[in-house]
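Dock chain to chain to rebuild the complex, using the hints, since each chain is given by itself in its own frame.
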Amino acid sequence: DSGVTQTPKHLITATGQRVTLRCSPRSGDLSVYWYQQSLDQGLQFLIQYYNGEERAKGNILERFSAQQFPDLHSELNLSSLELGDSALYFCASSVGMGAPPGGAQFFGPGTRLTVL
Amino acid sequence: QKEVEQDPGPLSVPEGAIVSLNCTYSNSAFQYFMWYRQYSRKGPELLMYTYSSGNKEDGRFTAQVDKSSKYISLFIRDSQPSDSATYLCAMDDDKIIFGKGTRLHILP
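Which chain is which? The protein sequence lines are A and B, in order.
With the working numbering applied, the first sequence corresponds to residues 12 to 127, in that order.
With the working numbering applied, the second sequence corresponds to residues 100 to 207, in that order.
Bound conformation, chain B alone (with noise of 0.2 Å):
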């Protein structure tokens, strides 16, 4: 079992719709949870991260963490087109672990 589990996608929504990027870990070591956005052609950019369970909210973002479950989500509302990219989860614990990311198309 690997220790980050992401959903490739591509997951398509129509613009203005709520999404929800998911991702699964095995290693309860883990410490704190990221959320990168990745543009085509870019470098990760890191979008929220959190070390506790519970919600943390940032504009149209908001990061979920559930320690119990081993299960982490990044929600968009008010998806816009500008937020097409492909989105990645990481953890870590004494060095950073990446989900392989999940495409995201949001149609206008």
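So here's chain A without its partners, still in its complex pose (with noise of 0.2 Å):
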């Protein structure tokens, strides 16, 4: 167990609608990071924040969007859902940013999209 939970574990819903996946990070850890992993693209980073600000974003599209909370909790939007959403989002937690060992990520159980 990381220490990273993210809610739900799978969520089944139909295209056109918007979902909510919840991360909740490690204890004492500042990043969040949202990642998105699917058979044939692989694992794909989405977006990072760091203390409550955006920090670096990846191949994000636009109907999605991210938050994290002064709590250090992190939700991200999924919206106009279409049938290539469908993926496993996963959410990843550190200390600080960059490299390891403060930067290094630990990732929590991931939420199963499917869009039908």
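These aren't lab readings, by the way, just hints derived from the structure by calculation.
Bear in mind that the values here come from a model prediction, so they are computed numbers and not experimental data.
Warning: the hint list may mix true and false statements.
Said to hold, decoys possible - DEER-style ranges, computed between Cβ atoms:
#1 B/D192 x A/E86: 25 to 33 Å
#2 B/G158 x A/G113: 19 to 27 Å
#3 A/I23 x B/S125: 34 to 42 Å
#4 A/G14 x B/D177: 24 to 32 Å
#5 B/S167 x A/P19: 45 to 53 Å
#6 B/G158 x A/D51: 27 to 35 Å
#7 A/T31 x B/R140: 33 to 41 Å
#8 B/R140 x A/I71: 20 to 28 Å
#9 B/S167 x A/L50: 43 to 51 Å
#10 B/S111 x A/G95: 44 to 52 Å
#11 B/P180 x A/L41: 18 to 26 Å
Claimed, not checked - Result set (SDA-like, lysine to any residue): computed pairs, CA atoms no more than 25 Å apart in a straight line:
#12 B/K169 x A/V126
#13 A/K20 x B/K155
#14 B/K155 x A/G109
#15 B/K155 x A/S76
#16 B/K194 x A/G27
The C-beta atom is built at its ideal place from N, Cα and C for all residues, glycine as well.
Following this line, the structure appears as structure tokens:
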């Protein structure tokens, strides 16, 4: 158990809908990262927050947004969902930023999103 | 050319064998290199990281980096059935880029 929690574990929804994925980082970690994992694309970095501020952006679609709250938990919002958004969504956290050891990322168990 | 290339496998080896997992990369700006292990239906976990060319050992695992060839390897000695998982290489300059992972099966 990494100490990172994600809810829900599974989510099934329809095209065009909006969903919110939630992540609680390990105690003491200030950085939160979101990733999307699919069979064809592999693990893709979406976005990073550090202590409430956006720090880095990857291949995140405009239909997706995220935020990190004062208690450091984070939410990833996915809207106007398409079939291709079906994937595993992982949250990771780290104490600091950048390279390990301070930037070593600990992954949560993921949320499996199915868009029908 | 993709930034990080990794053979997806699957790779099946008998218990006790030495396993070699590899990645190539194209971006010479990558500063540090990592290996993650991902069991089925779980999140990735960081196994090893290294900054420089050469070898780094941790128990049965050895990470090797050759920056001149843009090639990294992970060796697993005395492989065990519990090592069966997907292994992802990853590298970073300002954000992490992951390989697609190699599925490894250790046969009892």
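Going down the list of hints, with the structure as the test:
A beta carbon spacing of about 28 Å between B/D192 and A/E86 agrees with the range 25 to 33 Å that was offered as a hint. B/G158 and A/G113 have their C-beta atoms about 23 Å apart, which keeps the hinted 19 to 27 Å range intact. A C-beta distance of roughly 38 Å is found between A/I23 and B/S125, which places it inside the suggested range of 34 to 42 Å. The supplied range of 24 to 32 Å is met by A/G14 and B/D177, whose beta-carbon atoms lie about 29 Å from each other.
With their beta carbons about 47 Å apart, B/S167 and A/P19 fall inside the hinted range of 45 to 53 Å. Hint check: B/G158 to A/D51, Cβ distance near 34 Å, so the stated range 27 to 35 Å holds. The hinted window of 33 to 41 Å between A/T31 and B/R140 is violated, with their beta carbons roughly 22 Å apart. At roughly 24 Å, the beta carbons of B/R140 and A/I71 sit within the given window of 20 to 28 Å.
The hint said 43 to 51 Å for the Cβ distance between B/S167 and A/L50, and at roughly 33 Å that hint is violated. About 31 Å separates the C-beta atoms of B/S111 and A/G95, a value inconsistent with the hinted range of 44 to 52 Å. Between B/P180 and A/L41, the C-beta spacing of about 38 Å breaks the proposed range 18 to 26 Å. For the suggested pair B/K169 and A/V126, the alpha carbons sit about 38 Å apart, so the restraint of at most 25 Å is broken.
With a CA separation close to 36 Å, the supplied pair A/K20 and B/K155 exceeds the 25 Å bound. Restraint check for B/K155 and A/G109: the C-alpha separation of about 20 Å stays at or below 25 Å, so the hint holds. Between B/K155 and A/S76 the alpha-carbon distance is near 38 Å, which puts this suggested pair outside the 25 Å criterion. With a C-alpha separation of about 30 Å, the suggested pairing of B/K194 with A/G27 is violated against the 25 Å cut-off.
In this structure, the earlier hints numbered 7, 9, 10, 11, 12, 13, 15, 16 are contradicted, and the remaining ones agree with it.
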